[in-house]
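S.K.: Sequence:
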Amino acid sequence: MKRRPVLLPLLITGAAASAAALAAWLYLQPLQPPAPAGVAPTWLTNEAGLTLVTLDPATLARTGIQTATIAATRHRAEGLAYGSVPDIQSLTDLSNRYRVAQGEVAVAQATATASNQELQRSRALARDAGNVSQKSLQAAEATATADQARVESARSNLQALRASLSQQFGERLAQLVAAQPSAELSRLLNHQDSLLRIAIPALDKDTPPARISVEDESRHPVAAELLAPAPQSDPNLAGPVYLYRSAVPLPFGARLLAHLPTVQPTLEGVLIPQSAVLWFGGMPWAYVQVEAGRFVRRPLNDAIAVPEGYFVGSGFKAGEPLVVRGAQLLLSEEQRPQIAASACKDPECDD
Numbered sequence: 001m002k003r004r005p006v007l008l009p010l011l012i013t014g015a016a017a018s019a020a021a022l023a024a025w026l027y028l029q030p031l032q033p034p035a036p037a038g039v040a041p042t043w044l045t046n047e048a049g050l051t052l053v054t055l056d057p058a059t060l061a062r063t064g065i066q067t068a069t070i071a072a073t074r075h076r077a078e079g080l081a082y083g084s085v086p087d088i089q090s091l092t093d094l095s096n097r098y099r100v101a102q103g104e105v106a107v108a109q110a111t112a113t114a115s116n117q118e119l120q121r122s123r124a125l126a127r128d129a130g131n132v133s134q135k136s137l138q139a140a141e142a143t144a145t146a147d148q149a150r151v152e153s154a155r156s157n158l159q160a161l162r163a164s165l166s167q168q169f170g171e172r173l174a175q176l177v178a179a180q181p182s183a184e185l186s187r188l189l190n191h192q193d194s195l196l197r198i199a200i201p202a203l204d205k206d207t208p209p210a211r212i213s214v215e216d217e218s219r220h221p222v223a224a225e226l227l228a229p230a231p232q233s234d235p236n237l238a239g240p241v242y243l244y245r246s247a248v249p250l251p252f253g254a255r256l257l258a259h260l261p262t263v264q265p266t267l268e269g270v271l272i273p274q275s276a277v278l279w280f281g282g283m284p285w286a287y288v289q290v291e292a293g294r295f296v297r298r299p300l301n302d303a304i305a306v307p308e309g310y311f312v313g314s315g316f317k318a319g320e321p322l323v324v325r326g327a328q329l330l331l332s333e334e335q336r337p338q339i340a341a342s343a344c345k346d347p348e349c350d351d
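If you count the sequence shown from 1, position 328 lands on 328 in this note's numbering, and the numbers rise without skipping.
Because the hints were derived from the structure by calculation, they are not lab data. Incorrect hints may have been included.
Said to hold, decoys possible - Beta-carbon label-pair distances, calculated as ranges:
id	residue 1	residue 2	range
1	Val263	Gly239	12 to 22 Å
2	Gln232	Arg211	20 to 30 Å
3	Gln335	Glu225	18 to 28 Å
Said to hold, decoys possible - Below, in silico cross-link-like pairs of lysine to any residue (SDA-like), each with a Cα-Cα straight-line distance of 25 Å or less:
id	residue 1	residue 2
4	Lys135	Ser186
5	Lys317	Leu60
6	Lys317	Ile65
7	Lys317	Ser275
8	Lys317	Glu334
9	Lys317	Arg336
10	Lys317	Leu329
Note that beta-carbon positions come from the ideal geometry of N, C-alpha and C, so glycine has one too.
Let the hints inform the model, and build the full structure from the sequences given.
M.R.: And the structure:
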């Protein structure tokens, strides 16, 4: 009779006993707490569903976020008008031609004065001494007459240029060109200042406002002052056109939105400086610090552009700390959790 092997059952029994002992030892070991995650901003909805951003002190110090107290202000309601920044190349050309024509008039006048003096001397000699021939006297008269004709021609050319300037750019700019050198004109021609064409469809009084505020295509407010009525209408603009000047070099051809003062009552509100405003979703926003290290983003509802920033009648209170530096960083932090929020929340996603 054959003898059965006993080694294999012994090995199986020993392995099972070892596994059971290991499982019992692991069961008796205390659970280790998970490693603490890095401190991150806390997100919760507050103030009518607006997202509240909370930064820990270390993050707040590292970002360099700065706040300033919101100031109360008043604003007179404004009307709206449209305008543009015309190309002033023709003004530059006419100005240069006018200066040349002025020089030609001066030269012609000096020549005519000299020839007239020579004619008077020749006449005196012919009358007193009789030693000037009739032919020389006639030549002097012809020269003086020709030189005077050149003066009249030069003056006529100068007057034509003056009329062209007035017809194209108005009497005010024509006066500036005629009075060269002019620092005011030089700033326009060198594009340090900008010439604006603003169409004002309806006026509360007979004269247009002396000062207005315009928004360029980047929505920045720019102050402008009245120069004169524009002598030419604009087919793209409705209403009488007026020329304004701003101390900011705006691009030629830019379309403008003008804010005009009216006789409506003065509004009460706050001033949001330009440094605090960021654009998101096609709307202007600003961050307010509601507590230490906690910020909420609020929309600038019905904001009115002013040279210092934006006038807001609601949504902000005077005295609140407004973020004037670091708003874009807060927006980036606010938007970052949306990626994690969109991840799968099913426990089976971890498998």
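S.K.: Please go over all the hints and tell whether each is borne out by the structure.
M.R.: Here's how the hints hold up against the structure:
1. Val263 x Gly239: 12 to 22 Å: holds (18 Å)
2. Gln232 x Arg211: 20 to 30 Å: holds (23 Å)
3. Gln335 x Glu225: 18 to 28 Å: For glutamate 225 against glutamine 335, whose Cβ atoms are near 41 Å apart, the range 18 to 28 Å is violated.
4. Lys135 x Ser186: violated (51 Å)
5. Lys317 x Leu60: holds (23 Å)
6. Lys317 x Ile65: holds (20 Å)
7. Lys317 x Ser275: holds (18 Å)
8. Lys317 x Glu334: Answer holds: lysine 317 to glutamate 334 is near 23 Å, not above 25 Å.
9. Lys317 x Arg336: Measuring from Cα to Cα gives roughly 28 Å; hence the hint is violated.
10. Lys317 x Leu329: holds (23 Å)
When the structure is compared with the earlier hints, violations turn up for hints 3, 4, 9 and for no others.
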